[in-house]
Amino acid sequence: MSAHVAPAPGRHTVHRALARLHGRTAAGVPRWAVWAAYATTLTVLPSCVWRIAAITFHVPLLERSAEPVPGHGAVVFNGLWYVVALSVVSEALAYLAFGLVGEWGETVPRWIPGLGGRRVPVLAAVIPAGLGAVALLLFPYALVMSGLGRMIDGSHRTGLVVHGWQSVVFVVAYGPLVAWGPLLGLLTVHYYRRRRRAPGVTCEPAS
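Per this note's numbering, residue 941 is the first one in the sequence shown, and the count goes up by one each step.
Just so you know, the hints here were simulated from the structure itself, not pulled from any lab data. Here the structure is a predicted model, which means the values were calculated and not measured. Ideal placement from N, C-alpha and C gives every residue a C-beta, glycine not left out. Hints should not be assumed to be uniformly reliable.
Cβ pair distances, simulated, as ranges [claimed, not checked]:
id: 1; residue 1: Pro1068; residue 2: His998; range: 47 to 57 Å
id: 2; residue 1: Leu1055; residue 2: Gly1089; range: 41 to 51 Å
id: 3; residue 1: Arg1058; residue 2: Gly1089; range: 50 to 60 Å
id: 4; residue 1: Tyr978; residue 2: Met1085; range: 28 to 38 Å
id: 5; residue 1: Tyr1035; residue 2: Val1129; range: 13 to 23 Å
id: 6; residue 1: Arg1136; residue 2: Val1111; range: 35 to 45 Å
Model the full assembly from the supplied sequences, consistent with the hints where possible.
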């Protein structure tokens, strides 16, 4: 005689909390794709924390000077609002990866006036996501050039001065951005293939 073991309540609580965060998963989406979407959002978070800590709260994560270092170029944006806004926008863009695995990436949420309930055209999601994935390949290139002490244009200078442990923290914070583009590209290809394979299915039934 075997006893039935009920699932841990904490597991269901976490599942419900995550579902509220990103919405219900679309039908036919494997678990690896959902975790890839979570990983995509996490690739941006460390750099956002570093940026706000170093520039807004003046945590000694880089060398500071009264004037921009040689090769930095003109400072177009500055101030607390810019750093916070850049971080929020970056994380919001990364969050859109959930649209490639969730219901709201296949059917427009009903609370959106005029469009709610309509089916999202496949290419309307695939084209911007694909272009974004290609554009994000700039991060691996930029980090490699920074490690070589060069700017993006290849010149022998850098717009950021970090030394010792600061360099380690910088790599830990910005290194995950290398995976943003490939992860988004992987999710985009999977989204396209899944939608083309089952065009009549938009979402999983309620549980």
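Okay, the hints, checked on the actual structure:
As the Cβ distance of proline 1068 to histidine 998 is approximately 36 Å, the hint placing it in 47 to 57 Å is violated. Hint check: leucine 1055 to glycine 1089, Cβ distance near 49 Å, so the stated range 41 to 51 Å holds. For arginine 1058 and glycine 1089, the Cβ-Cβ distance of about 51 Å falls inside the hinted range of 50 to 60 Å, so the restraint holds. Between tyrosine 978 and methionine 1085 the CB atoms are about 29 Å apart, so this pair conforms to the stated range of 28 to 38 Å.
The given range of 13 to 23 Å is respected by tyrosine 1035 and valine 1129, whose C-beta atoms sit roughly 19 Å from each other. For arginine 1136 and valine 1111, the Cβ-Cβ distance of about 39 Å falls inside the hinted range of 35 to 45 Å, so the restraint holds.
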